[in-house]
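Residue numbers (the working numbering), protein chains in the order written: chain D, 180 to 596; chain V, 16 to 124.
Simulated from the structure, these hints should not be mistaken for lab results.
Heads up, a few of these hints could be off.
What the hints assert, rightly or not - Derived DSS-like pairs: lysine-lysine, alpha-carbon spacing no greater than 27 Å straight-line:
hint, chain 1, residue 1, chain 2, residue 2
1, V, Lys64, D, Lys529
2, D, Lys409, V, Lys64
3, V, Lys64, D, Lys490
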Amino acid sequence: MRYSGFKVFTEGLTGNKGWKPVWRDPEPKSEYDIVLIGGGGHGLSTAYYLAKNHGLKNIAVLEKGYIGSGNIGRNTTIVRANYFLPGNSEFYSHSLKLWENLEAELNYNVMHSQRGLINLFHSDGQRDAFARRGNAMINQGDDAILLDREGVRQHLPYLDFDNIRFPVYGALFHPRGGTARHDAVAWGYARGADMRGVDLIQNCEVTGIDIEGGQVRGVRTSRGVIRAKKVAMVAAGRSGQVAAMAGMRLPIESHILQAFVTEGLKPVIHHVVSFGMGHFYISQSDKGGLVFGGDLDFYSSYAQRGNLPMKEHVMEAAMTLMPMIGKARVLRSWGGVMDMSPDGSPIIDKTHIDGLFVNCGWNYGGFKAVPASGWAYAHLIATGEPHETAKRYRLDRFRTGRGIMDEEGTGSQHNLH
Amino acid sequence: MLTLQCPYCGVDAEETELTAGGEAHLKRETVGASDDDFEGYLFMRENPKGLHFERWRHSYGCGKWFLAARDTNTLEVFGTYPAQSKEPPKDLRDKISAKRPGWSWREFK
Numbered sequence: 180m181r182y183s184g185f186k187v188f189t190e191g192l193t194g195n196k197g198w199k200p201v202w203r204d205p206e207p208k209s210e211y212d213i214v215l216i217g218g219g220g221h222g223l224s225t226a227y228y229l230a231k232n233h234g235l236k237n238i239a240v241l242e243k244g245y246i247g248s249g250n251i252g253r254n255t256t257i258v259r260a261n262y263f264l265p266g267n268s269e270f271y272s273h274s275l276k277l278w279e280n281l282e283a284e285l286n287y288n289v290m291h292s293q294r295g296l297i298n299l300f301h302s303d304g305q306r307d308a309f310a311r312r313g314n315a316m317i318n319q320g321d322d323a324i325l326l327d328r329e330g331v332r333q334h335l336p337y338l339d340f341d342n343i344r345f346p347v348y349g350a351l352f353h354p355r356g357g358t359a360r361h362d363a364v365a366w367g368y369a370r371g372a373d374m375r376g377v378d379l380i381q382n383c384e385v386t387g388i389d390i391e392g393g394q395v396r397g398v399r400t401s402r403g404v405i406r407a408k409k410v411a412m413v414a415a416g417r418s419g420q421v422a423a424m425a426g427m428r429l430p431i432e433s434h435i436l437q438a439f440v441t442e443g444l445k446p447v448i449h450h451v452v453s454f455g456m457g458h459f460y461i462s463q464s465d466k467g468g469l470v471f472g473g474d475l476d477f478y479s480s481y482a483q484r485g486n487l488p489m490k491e492h493v494m495e496a497a498m499t500l501m502p503m504i505g506k507a508r509v510l511r512s513w514g515g516v517m518d519m520s521p522d523g524s525p526i527i528d529k530t531h532i533d534g535l536f537v538n539c540g541w542n543y544g545g546f547k548a549v550p551a552s553g554w555a556y557a558h559l560i561a562t563g564e565p566h567e568t569a570k571r572y573r574l575d576r577f578r579t580g581r582g583i584m585d586e587e588g589t590g591s592q593h594n595l596h
Numbered sequence: 016m017l018t019l020q021c022p023y024c025g026v027d028a029e030e031t032e033l034t035a036g037g038e039a040h041l042k043r044e045t046v047g048a049s050d051d052d053f054e055g056y057l058f059m060r061e062n063p064k065g066l067h068f069e070r071w072r073h074s075y076g077c078g079k080w081f082l083a084a085r086d087t088n089t090l091e092v093f094g095t096y097p098a099q100s101k102e103p104p105k106d107l108r109d110k111i112s113a114k115r116p117g118w119s120w121r122e123f124k
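Looking at chain V on its own, in the form it has when it is part of the complex:
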């Protein structure tokens, strides 16, 4: 059972309480975007085997969206953080570095 801690209400939520929202930190493209950028935003995905940053919603709880760092291969959860974050917080990145030295994901490392 996948369990993520909701960073808002603090509940350790099991996956039955949660809805997966796909890849995190997508740059929302809008009017004036190039075809490349718009396609990238809507459809193209990192789809990594290993460390991944994702959006999740605590749907059957407080209802808030949040972000999570997770390993798609081992299903290990590194941590969660608020949806408004522009990048993973430093303490989370350090925690990942301790377990996955030299990691990188899009522009983050």
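This is chain D alone, in the form it adopts within the complex:
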């Protein structure tokens, strides 16, 4: 057994000098069967399932920074399957099922906590929309309960129910929704992939993709040339730059999404709660910090920091919904780079270049998708055929207009999601 209470105790007494790295730090080989560009959550889970589900061995994950340095280590950790449209519905349902077994699968404590997700509504129209969404979730085999005002009060007595502008009418309750420890998800998949022989190569930035006669041949990196039979891009917010190396443009714009953490508090918020009339969603981490997020800054940015107007909006929304939160002091905030697609849904597909695959467009919802995205992407890379749960995530849906998945119903063009 690698970890135990006894080990923690004895290591604590001896300066914690006996812990060993849980994955190797290999030098890149000159050739692999499969190279994944991007060692974030999706890249790591893809590598894991390529090895686990498809028995493939000769795989490298190339990460520009270190494992866990991107959005997988900075997000609001929400896990849910409350999607409505065919395509998204079965995909996220599959993902939640994988989450529910993830700790046993990885033998790693990812602290998956199904504390329940409560999406509040504040008008009759929103109630109708949530009732319809709840029915879609139930049809998919997931769980959804429409709560009235009193039902919400039993769960969340601290809300400002009679807010003069945005009174709480009720909520859609998704009991299987919750949170997970984001870093642990990266570490668990990284360890699992490494144990199955995948080379995790950190501090290795891809600087070029070699293509000959319409067939991918490998990549050039800051640590030398690596030949590969298949190359899979999975670079989230940096997808545009990676695709440009293959001469491709993607239907992606990168935007900043901000989130915030307060100082540690005693248990006060027991669910994941989202406000229906402003962009604000919150949960409390096991360490006690209130973790909450808002909306995009709504202009292209790779700055990894957001600007003040959205901070103000999020704080205002928080105070409107749960005035008690004003007592908490914000400890830190951050901005993650989001790969926004025109319809708000992701892309897992081949490209027009043989052996080159693309996985991007996760918008601000990539964390909960980590298991299913890796599962489906591994299936596509290994077999050449899309996985059943992700076959609608086609790159050409914008070109043909078939199968656009605009979950929010705001329109399928940039800047609307």
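Position chain V against the provided structure of chain D, taking the given hints into account.
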């Protein structure tokens, strides 16, 4: 706080006064366009990390659309110019060249 000077009314507008309109200098495709061109116009984007040309609207001001040159990584603003421009004006391109020698963006350099 991102601040852009509106080239029409001259106001230094903060981002709360403005609406971002996405990539600039898109060629509007219409009837008879190929699928490639139409997809490119509607959906495919440069999405650069660094120098970018964008459309903005002074929504809570004079209401005019205008164009801006900005760095998406440092958030530095190089300048703004009227929406009717077919290309960034020479003085703006020179100003960018002084700070980003050898820059290029689509067909502009």
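For each hint, the structure was consulted:
1. V:Lys64 with D:Lys529: Status holds; Cα separation ~24 Å.
2. D:Lys409 with V:Lys64: holds (26 Å)
3. V:Lys64 with D:Lys490: holds (23 Å)
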